[in-house]
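Enquirer: Chains as they are written, first to last, in UniProt numbering: chain A, 1 to 92; chain B, 1 to 92; chain C, 1 to 92; chain D, 1 to 93; chain E, 1 to 93; chain F, 1 to 93.
Keep in mind that the hints were calculated from the coordinates and are not lab data.
Please read these numbers as outputs of a predicted model, since none were measured by experiment.
There's no promise every hint is true.
Capping the alpha-carbon separation at 16 Å, the derived lysine to aspartate or glutamate pairs in EDC-like fashion look like this [claimed, not checked]: (1) 84/E - 77/C; (2) 86/C - 68/F; (3) 46/D - 57/A; (4) 42/B - 42/E; (5) 84/D - 70/B; (6) 78/B - 61/E; (7) 46/F - 57/C; (8) 78/C - 61/F; (9) 22/D - 30/A; (10) 22/F - 62/C; (11) 41/A - 42/D; (12) 42/A - 42/D; (13) 78/A - 53/D; (14) 65/E - 82/B; (15) 74/B - 53/E; (16) 41/C - 62/C; (17) 19/D - 24/A; (18) 46/D - 68/F; (19) 65/F - 62/A.
If you want the building blocks of each chain, they are given just below.
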Amino acid sequence: MSFLFGSGRPQPTSAEKIAAAEQEYEMIAELYNRLSSTCSKKCVPAEYREPDLNKGESVCLDRCVAKFFDVQIKVGEKIQQDAASKMGGGGF
Amino acid sequence: MSFLFGSGRPQPTSAEKIAAAEQEYEMIAELYNRLSSTCSKKCVPAEYREPDLNKGESVCLDRCVAKFFDVQIKVGEKIQQDAASKMGGGGF
Amino acid sequence: MSFLFGSGRPQPTSAEKIAAAEQEYEMIAELYNRLSSTCSKKCVPAEYREPDLNKGESVCLDRCVAKFFDVQIKVGEKIQQDAASKMGGGGF
Amino acid sequence: MEALNPSEQRELQARMERKTMKDFLTTYSNIVQRCFEDCISDFSSKSLTSREEGCLMRCVDKQLKTGERLAQRFQEENANQMAKAGQGGFPGR
Amino acid sequence: MEALNPSEQRELQARMERKTMKDFLTTYSNIVQRCFEDCISDFSSKSLTSREEGCLMRCVDKQLKTGERLAQRFQEENANQMAKAGQGGFPGR
Amino acid sequence: MEALNPSEQRELQARMERKTMKDFLTTYSNIVQRCFEDCISDFSSKSLTSREEGCLMRCVDKQLKTGERLAQRFQEENANQMAKAGQGGFPGR
Numbered sequence: 001m002s003f004l005f006g007s008g009r010p011q012p013t014s015a016e017k018i019a020a021a022e023q024e025y026e027m028i029a030e031l032y033n034r035l036s037s038t039c040s041k042k043c044v045p046a047e048y049r050e051p052d053l054n055k056g057e058s059v060c061l062d063r064c065v066a067k068f069f070d071v072q073i074k075v076g077e078k079i080q081q082d083a084a085s086k087m088g089g090g091g092f
Numbered sequence: 001m002s003f004l005f006g007s008g009r010p011q012p013t014s015a016e017k018i019a020a021a022e023q024e025y026e027m028i029a030e031l032y033n034r035l036s037s038t039c040s041k042k043c044v045p046a047e048y049r050e051p052d053l054n055k056g057e058s059v060c061l062d063r064c065v066a067k068f069f070d071v072q073i074k075v076g077e078k079i080q081q082d083a084a085s086k087m088g089g090g091g092f
Numbered sequence: 001m002s003f004l005f006g007s008g009r010p011q012p013t014s015a016e017k018i019a020a021a022e023q024e025y026e027m028i029a030e031l032y033n034r035l036s037s038t039c040s041k042k043c044v045p046a047e048y049r050e051p052d053l054n055k056g057e058s059v060c061l062d063r064c065v066a067k068f069f070d071v072q073i074k075v076g077e078k079i080q081q082d083a084a085s086k087m088g089g090g091g092f
Numbered sequence: 001m002e003a004l005n006p007s008e009q010r011e012l013q014a015r016m017e018r019k020t021m022k023d024f025l026t027t028y029s030n031i032v033q034r035c036f037e038d039c040i041s042d043f044s045s046k047s048l049t050s051r052e053e054g055c056l057m058r059c060v061d062k063q064l065k066t067g068e069r070l071a072q073r074f075q076e077e078n079a080n081q082m083a084k085a086g087q088g089g090f091p092g093r
Numbered sequence: 001m002e003a004l005n006p007s008e009q010r011e012l013q014a015r016m017e018r019k020t021m022k023d024f025l026t027t028y029s030n031i032v033q034r035c036f037e038d039c040i041s042d043f044s045s046k047s048l049t050s051r052e053e054g055c056l057m058r059c060v061d062k063q064l065k066t067g068e069r070l071a072q073r074f075q076e077e078n079a080n081q082m083a084k085a086g087q088g089g090f091p092g093r
Numbered sequence: 001m002e003a004l005n006p007s008e009q010r011e012l013q014a015r016m017e018r019k020t021m022k023d024f025l026t027t028y029s030n031i032v033q034r035c036f037e038d039c040i041s042d043f044s045s046k047s048l049t050s051r052e053e054g055c056l057m058r059c060v061d062k063q064l065k066t067g068e069r070l071a072q073r074f075q076e077e078n079a080n081q082m083a084k085a086g087q088g089g090f091p092g093r
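Next comes chain A alone, as it looks inside the complex (with noise of 0.2 Å):
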C-alpha cells in the first residue's frame, strides 16, 4: 500500500518488515486452518469403518479445496467493491 503514503515515506525499520512477513505468515496459516477444519467436515464423516481415504473422500477433498479458494477469492472481491462503492458512491 505503499502508493497511500508516497516517495517521501521513511524506509520500514526491521520490526516493521518482521511484522509485515509475520502477518502474511498469519494470513496463510488462517486461511488453511479455516479450510482444513470446514473440508474435514464436509468430506470425511464421523464414521470410521477403515483407516484409508477412499476413493469419494479424497475426490471431494480436493475439490473442496479448490472451491474454498475460489470462495475465499470471490468474498474478498465483493467486500473490496462493497467498501469502494460506499466510499466513491455517496449511497443509494
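Take the given structure of chain A and dock chains B, C, D, E and F to it, following the hints.
Expert: This is chains B, C, D, E and F only, laid out in the frame that chain A set:
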C-alpha cells in the same frame, strides 16, 4: 483494585499501564466476538433468499444484543456472589 | 531433545528457558481446554432443571476425564509410531 | 485506570492498530467460513455452481449487514453500561 | 528441563499471572456463551423472561460445578501421568 | 514487500519455528478432540472399549491422511494464486 495494595504502592510503570489498557480492550473485543457469533447464529438462518436483513431478523439482532449484555452482567454478578459467599461464609 | 544437539551445545539463555517453561504450561492449558469443552458437552445436557450435577453427570465427567487422557496418550503414541516408521522404513 | 502520557498513548495506538488489522482478518475469515458452510455442498465438480455463487453473494451481503447492525447496537449498549458504571459499578470490571 | 534461577522465575511468574487472568476471562466468556445458547431463545422482547432467568441461574451453577469437578479430576490425572512419566516416558513430551 | 536482510531473516526464522511448534500442537489437539468426539460415547466405565479403540486408531489414520492431502492441495492452489497475483492481483493482499 488499588484498595488491595494500599497507598504505599509504587506508581505503575508504563508497561503496566499499557497492559491494563490493552486488557480492557481485549475484554470488550472478546465480549463482542462471542455476542456476534451467538446472535448471528440465533437470528440469521442459513438460507439466503435475499441479500438484506428482513424486519424479523433485524429486530431479533437488536434484542439479542440487549439480552446478551443482560446475561453477561447477570452471570458476572452471580459468579461474584458465589465467590464472596465461599470466602466469607466458610460453608459447612 | 538435547540428544539431537550433543554435549557441545551452549547453555540455553534465560529467554529460552522461560519460553520452554511457558510452552509446557500452554500444552497443559490446551489439553485442559479441549477436555473441558468436550466432556462438558458429552456429559452435561442442555436442560437445566436443577443447579447441581446429578450422580450420573458427575460420574460421566470423571470417566470422561480419564478417557480423554487415555485418548491423548494413545493418539500421541500412534502419531510417533507413524512418524518413526515413515522415517526409518522407507514405506511399504 | 491511570491516564496514559503521550508516548504511552502512541505505543498503545500502535498495538491497537495491529489488533484492528487482525480483527478485520478474523471477520473476513468468519464470513468466508460461514458462507462456505451454508452455501457450498456440491462436490461433484471443482467449480462453483451458479446456484452456489448466488447463495454466496447474498450470504456475504447479509453477513456484512448483520455485522454492521451488531456493531452499532453493541456500541450503544456498551456506552449505556459505561454510563451506569460511572454511577453504580459494572460487575466484571 | 533446566532449572530456572530466581529472576527467571519472577519473569515466568509475571507471565503466568497474565495468562491466568486471561484464562479466567475465557472461562467466564465460555459460561456466558454456553448458558446464553442453552437458555435464551425467545426474541419477542428485549428483556429476559423469568423462565430464561431461572434457566440461566441453574446453568451458571451447573457449569461452575462442572468446571470445579473437571479441574479436580484433571489435576489428579495429570499428577498420575507425571509420576508415570518419571519412570516410563509420556508420549508427546 | 521489502526484502529482509540476513539478521532480519534469522529473527523471522526464530519466530516461525515457535509458530510451527504451536501449529503442530494445535493439529495434534484437533485430532485428539475430533476423534474423541466421533469415537467415544460410552461412559459406563473409565476404560476404553475395544470398539472405541478400533474406531480411534482408524480415525487418527484417516485424519492424518486427510491433513496430508489437504496440505498438498493447499500448497498447489496457493502456488497457483501467487503465480496469478504476479500478473493480475490477488484480492485480499
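Enquirer: Each of the hints needs a verdict: does it hold here or not?
Expert: Verification of the hints:
Using a Cα cut-off of 16 Å, the hinted pair residue 84/E and residue 77/C holds, with the two alpha carbons roughly 15 Å apart. Of the pairs offered as hints, the one joining residue 86/C and residue 68/F holds, with about 13 Å between alpha carbons and a cut-off of 16 Å not exceeded. Pair hint residue 46/D plus residue 57/A holds up; C-alpha atoms about 14 Å apart against a cutoff of 16 Å. At roughly 10 Å between alpha-carbon atoms, residue 42/B and residue 42/E fall within 16 Å of each other, so this suggested pair holds.
Taken as a hint, the residue 84/D and residue 70/B pair is honoured in the structure, with Cα atoms around 13 Å apart against an allowance of 16 Å. For a cut-off of 16 Å, the pair hint linking residue 78/B to residue 61/E stands: about 9 Å separates their Cα positions. The straight-line distance between the Cα atoms of residue 46/F and residue 57/C is roughly 14 Å, inside the 16 Å bound, and the hint therefore holds. Under the criterion of a C-alpha separation no larger than 16 Å, the hint pairing residue 78/C with residue 61/F is consistent with the structure, at around 9 Å.
Between residue 22/D and residue 30/A the CA atoms are separated by roughly 11 Å; this keeps the pair inside 16 Å, and the hint holds. The hinted pair formed by residue 22/F and residue 62/C fails the criterion: a straight-line CA distance of about 29 Å is larger than 16 Å. Between residue 41/A and residue 42/D the CA atoms are separated by roughly 14 Å; this keeps the pair inside 16 Å, and the hint holds. In summary, the hint linking residue 42/A to residue 42/D is supported, as the alpha carbons are separated by about 10 Å, within the 16 Å threshold.
For a cut-off of 16 Å, the pair hint linking residue 78/A to residue 53/D stands: about 12 Å separates their Cα positions. Restraint check for residue 65/E and residue 82/B: satisfied, since their Cα atoms lie roughly 11 Å apart, inside the 16 Å limit. Distance hint between residue 74/B and residue 53/E is fulfilled; the C-alpha atoms sit about 9 Å from each other, no more than 16 Å. Note on residue 41/C and residue 62/C: the hinted pairing holds, with a Cα-Cα distance of about 14 Å set against a maximum of 16 Å.
Between the alpha carbons of residue 19/D and residue 24/A the distance comes to roughly 15 Å, so the proposed pair stays at or under 16 Å and holds. Proposed proximity of residue 46/D and residue 68/F is contradicted: the alpha carbons are some 19 Å apart, above 16 Å. At roughly 13 Å between alpha-carbon atoms, residue 65/F and residue 62/A fall within 16 Å of each other, so this suggested pair holds.
Comparing the model with each earlier hint shows violations of hints 10, 18; every other hint is respected.
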